[in-house]
Amino acid sequence: MKLIILILLSSFISSQIYADTIYNLIKIPNLEIYDIKTPNKLRYFYAKQPFTLGIDNNINCYNSKKEIIDKKYKIIQKNLNKYSQKFLKKINLKYIVLCEDLSISKINTAGIPDHVMKTLILDVKFNEKYFERVIHHEVFHIIYDSFEELFNEKVWTNFNVNEFKYAKCSTCTDKLGLDTYINTKGFFSEYSQSTASEDMAEVFSHLMIEKKLNNLDPILEKKIQFIKTNLLKIDENFIL
Amino acid sequence: MIEKIKPSRSEKIIFIFIVILAIFSFSSFFFIKNKCLFIKNYDPKNLEFNHPENIAILNVACGNVIIELYPEVSPKAVKRFKKLIKSKAYDNIAFHRVIKNTIVQAGDLEFGKKGYLDYGKIGTGKSGLGTINSEIDTPFDFDKGSVALARTKKYNTEDSQFFIILRDEPLFETEFTPIGKVIYGLEALYKIKYLDKSEYVLRPDFINSLRMLVN
Chain A
1 MKLIILILLS
11 SFISSQIYAD
21 TIYNLIKIPN
31 LEIYDIKTPN
41 KLRYFYAKQP
51 FTLGIDNNIN
61 CYNSKKEIID
71 KKYKIIQKNL
81 NKYSQKFLKK
91 INLKYIVLCE
101 DLSISKINTA
111 GIPDHVMKTL
121 ILDVKFNEKY
131 FERVIHHEVF
141 HIIYDSFEEL
151 FNEKVWTNFN
161 VNEFKYAKCS
171 TCTDKLGLDT
181 YINTKGFFSE
191 YSQSTASEDM
201 AEVFSHLMIE
211 KKLNNLDPIL
221 EKKIQFIKTN
231 LLKIDENFIL
Chain B
1 MIEKIKPSRS
11 EKIIFIFIVI
21 LAIFSFSSFF
31 FIKNKCLFIK
41 NYDPKNLEFN
51 HPENIAILNV
61 ACGNVIIELY
71 PEVSPKAVKR
81 FKKLIKSKAY
91 DNIAFHRVIK
101 NTIVQAGDLE
111 FGKKGYLDYG
121 KIGTGKSGLG
131 TINSEIDTPF
141 DFDKGSVALA
151 RTKKYNTEDS
161 QFFIILRDEP
171 LFETEFTPIG
181 KVIYGLEALY
191 KIKYLDKSEY
201 VLRPDFINSL
211 RMLVN
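Here the protein sequences line up with chains A and B, keeping their order.
Read in order, the letters of the first sequence correspond to residues 1 to 240 in the numbering used here.
Read in order, the letters of the second sequence correspond to residues 1 to 215 in the numbering used here.
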């Protein structure tokens, strides 16, 4: 037993420092390059092992099977290729991390955007039905965090009818449905009614997926115009 | 009367083996001590360059490292680098951050000067010329031997510190401002002192001199 401890101890003492470039850049461990030669210079990584992040280790994500990553990557790249390199640079998005069963404080989530680290963590198995829309929803959070002054929540809230009130946070409500309403009444989905920023993200993601949105109510028309106007302030060439 | 005993065959073999071992140990002591033994020292006078005005010669313990600068890739950064070279600012500056076979970093003019090393602050020093903006938009292959300006975690904080990579680092493209590539003598940089357990080097190696080929 002593011999084993001695061997373990000596291997620890003699271990050398190695440079982990990915960790140095985005501070997420256990990642490997999936694809970095992309048209808009987005860099894709995947989790080769589970990882834990955050001050209280409250963010967790797990490695996924290669075939799942391969399959989802095609969908993710197709959607993220809609954003130009210039636009991505402006909103501060550069690194995409692919993993599964992503959670923050044990609450499952589709993605975790971090515009400071230029990173978006995506759960490759989150909501198969609306997977593509969810990608753009999470991208909007990066846009919002980078240009918070443009997406004023007070202005946005005033678009709604007076009686309506958002929840205090997106996880403080049970309004989580992502199905698109037939009769919109100011909101695209149930989740739109959680918070102003989630509402904006839902409008944006619908615009990115559905090019022709018909029979919209006047409130949603105003919200769409608000999103479009501000996106053009960020990048005059942005096309929705 | 002392009887003379003839050594056996096996004793002779052992004796020869010990003698060979002693010679090998003795000679290897000198070889190992000279870390630059198999490093070729390039003399820029014997080399031809397409753009001699963009050639910088970094002289380190094991010889010359010849760098071609790319002003067309990052004009402001190269201009800053040349300015500091011409003022001989990099002479006797430490390679304060070194990772074996990965990267060597130098250029802290404030806390990395020989005789005035400040281990508590090394890597945070300034040149006094102010920071310059990052130039990261031009496509650039960060392959082995690429030279780039270092920065803090934020963009547009480049100053005098630079690094040379000893392995391909494709993720550095659009992260760091490239200024050039080592075209001769990269092997001399693999001999720069590093520590096994820390990126930051105690009693580091120094730049002997850094000069432009054409003044």
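Worth double-checking, as some hints may not be accurate.
[As the list claims (entries may be wrong)] For lysine to aspartate or glutamate, the following DMTMM-like pairs were computed, each having C-alpha atoms within a straight-line distance of at most 25 Å:
1. A:K41 <-> B:E53
2. A:K37 <-> B:E173
3. B:K144 <-> A:D145
4. B:K82 <-> B:D141
5. A:K165 <-> A:D179
6. A:K48 <-> B:D43
7. A:K27 <-> B:D196
8. A:K82 <-> B:E53
9. B:K144 <-> B:E3
10. B:K153 <-> A:D179
[Stated by the list, open to error] Under 10 Å between C-beta atoms, here's a sample of chain B residues computed to sit facing chain A:
11. E11
12. F15
13. E53
14. T102
15. N133
16. E135
17. P170
18. E187
By construction, these hints were calculated from the structure, which means they are not laboratory data.
Please read these numbers as outputs of a predicted model, since none were measured by experiment.
From the three backbone atoms N, C-alpha and C, an ideal C-beta is built for every residue, glycine too.
Right, here's what the structure says about each hint:
no.	hint	result
1	A:K41 <-> B:E53	32 Å, violated
2	A:K37 <-> B:E173	11 Å, holds
3	B:K144 <-> A:D145	36 Å, violated
4	B:K82 <-> B:D141	22 Å, holds
5	A:K165 <-> A:D179	20 Å, holds
6	A:K48 <-> B:D43	46 Å, violated
7	A:K27 <-> B:D196	22 Å, holds
8	A:K82 <-> B:E53	43 Å, violated
9	B:K144 <-> B:E3	69 Å, violated
10	B:K153 <-> A:D179	41 Å, violated
11	E11	37 Å, violated
12	F15	36 Å, violated
13	E53	31 Å, violated
14	T102	4 Å, holds
15	N133	14 Å, violated
16	E135	13 Å, violated
17	P170	6 Å, holds
18	E187	19 Å, violated
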